[in-house]
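**Student:** Produce the entire structure from the sequences given, and follow the hints as far as they go.
Line by line, the protein sequences give chains A and B.
Mapping of the first sequence onto this note's numbering: position 41 corresponds to residue 41, and the numbering continues sequentially without gaps.
Mapping of the second sequence onto this note's numbering: position 249 corresponds to residue 407, and the numbering continues sequentially without gaps.
These aren't lab readings, by the way, just hints derived from the structure by calculation.
All values reported here derive from a predicted model rather than from experimental measurement.
A couple of the hints might just be wrong.
Derived CB-CB ranges, DEER-like [stated by the list, open to error]:
| no. | chain 1 | residue 1 | chain 2 | residue 2 | range |
| --- | --- | --- | --- | --- | --- |
| 1 | B | Glu446 | A | Ala117 | 47 to 55 Å |
| 2 | A | Leu118 | B | Gly536 | 23 to 31 Å |
| 3 | A | Arg4 | B | Ser633 | 36 to 44 Å |
| 4 | B | Ser633 | A | Leu19 | 30 to 38 Å |
We treat Cβ as the ideally placed atom computed from N, Cα and C, and that holds for glycine.
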Amino acid sequence: MALRIRSEKDLGSGLLYLLLGSAGLSIALDYGFGNAGRMGPGYFPMVISGLLLFLGVVTLARSLLIEGSPITTVNWKGLILVTLSVCLFGMLLMGAGLPVALAALILVSAKASEKFALGAKAIAAMFGLVLFCALVFVKGLGVPMPLVGAWFSGILAP
Amino acid sequence: MEMLSNLWLGLSVASSLTNLGYCLLGVFLGTAIGVLPGLGPVATIAMLLPLTFGLPPETALIMLAGIYYGAQYGGSTTAILANLPGEPSSVVTALDGHQLARQGQAGRALATAAIGSFIAGTVSTLLIALFAPALAAVALQFGPAEYFALMVLGLIASVVMASGPLLHALGMILVGLLLGMVGTDVNSAIPRYTFDVPMLADGINFVVLAMGIFGLGEIAANLENEGERTLLTRKVTNLMPTREDWKRILGPIARGTALGSVLGILPGGGAALASFGSYSLEKRLSKEPERFGKGAIEGVAGPESANNAGAQTSFIPMLTLGLPSNSVMALMIGALLIQGIQPGPSVMSEQPALFWGLIASMWIGNLMLLVLNLPMIGLWVRMIAIPYHFLFPTIIALCAIGVFSVNNSIFDVYAMALFGVVGYLFRKLDAEPAPMLLAFILGPMMEEFLRRTLLFSKGDPSVFLTRPLSAALLSVAAGLLLLVVLPSVRRKREEAFQED
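**Tutor:** Right, dumping it as structure tokens:
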């Protein structure tokens, strides 16, 4: 029986377990194992990492032996835009303020959809959402998010 | 009669104007978010959780419970009207419910779901009031060895109940346990896996993890198949079931309630398994099984009652043992911890108002669902009709603000983005994230109980087998694991999760 990859999903998860297990194990080596009666901080993590490594090997072996389904195409565009939009929100929130950060998040993430088109309806919905969040979270619940960010405070200071 | 006085105390707590108001708000918001396609109860609760931070503990928990029931009912609504089950437990509701909707009978299906849920909710609330104190009394006898064994059983059970491949569920558990280790070790005060990032000293925030994996990861996955939606926007009419319907649905409701109540208590059980089980049961008992899948009202009544009963009784292990039996309960425990309450058997005796107030509010929440949702069905239909490309940026925005508000930390926002990517990759690999969240919550507790057990026994692990209760729990866990490895059981399990 020729060895070939029969299940891409098993291969992927097997590699993931091996990666996490070996990282977990090598880092935990510094923590002190102790012994069963007096467990060091490294005891439990090392046991878990060890089990993860074992499972990784089993899963890899399975990927060569048992037929499975291939990994479906990764929607890179959607994934990257969604992630980017959240990161932009994080970067802009304190500096530029909530409305700008939200607008960036909405505009960038909406690009991930095939169907989104920037029209009057979309812009109105965006303004509505920004207004809603400002009223509910900042005014209502008192979440400390600036409405006008630090970058503009010189210009627009109240 | 102690039960009655306890329930009375609970009712008096739950029916204070504030608590009633927050319960109503929770049910309303939970349904509103829950009907949005692609958002299950876990994502809904994670998103709305920050709203409860400023509230007193019992009010917060009452509101969260309301959100949970609302989200679950909202999920059924979407399953029936748009054939888009937001979570595993409403998958089977979609089978016959959506067929009914296509035949113009959406009103009957929705009303049946609501009535079934309410009856199931009422019965299981009484069951909780009856059995929770007894279970808590038993739990007070538990030592660390028993707790550890129980957690092992819970994790193994969640592997068995997970719908994906077994091996991947096991892997997800280990990944979750490892993620749970991040942060400062309580015994030695040594920071573990923190990479010198001060924000990780307290560990990964579970809201961040849940919102990233269940919120963002889900969205990225949903974006792959945009446009495959068949919403029935026709007006929903004929809400009340006919006399003929009542005859058909009462049996399934009773059986679904019984099945769901039992399965909900089991670790790893809860709503999803209950609804699958009830559907197969009704199909088997039916005189005309060929009607199932083509719009059989029994196929809505049974599973909907079962999943509500299961959702309810899964509170029992959470409240009495401090053990989450599914990811929703894991979120509830997280919420309790944020409120400074350590869930466990002592909650009932030390915080009777909280405990009984929550139980009474379960019933009130179910009543609200019944009276609130049927008249408001027009609003829910309109919410389902919002196109996804308007919806998902809104969800991302609410997740980002929600995560930020937990600790007012920008770092958490970035961490959520990272877990979104992780969650998407897990989905690509067929690895179900629910067991991981469970293990993440249980991890630190398990380590602590293991450490204490072995400290007392001076490192001798045989203590797990010489203490009868822990030995029993562990052998059940081992038995479960063996069972699912057997090929015949495995085939059955796969069948049960592919009922279509």
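**Student:** Look at each hint and say if it fits the structure.
**Tutor:** Taking the hints in turn, this is what the structure says about them:
1. A beta carbon spacing of about 48 Å between Glu446 of chain B and Ala117 of chain A agrees with the range 47 to 55 Å that was offered as a hint.
2. Separation of Leu118 of chain A from Gly536 of chain B is about 30 Å and conforms to the stated range, judged on CB atoms against 23 to 31 Å.
3. Between Arg4 of chain A and Ser633 of chain B the Cβ separation comes to about 40 Å, which falls inside the hinted range of 36 to 44 Å.
4. For Ser633 of chain B and Leu19 of chain A, the Cβ-Cβ distance of about 34 Å falls inside the hinted range of 30 to 38 Å, so the restraint holds.
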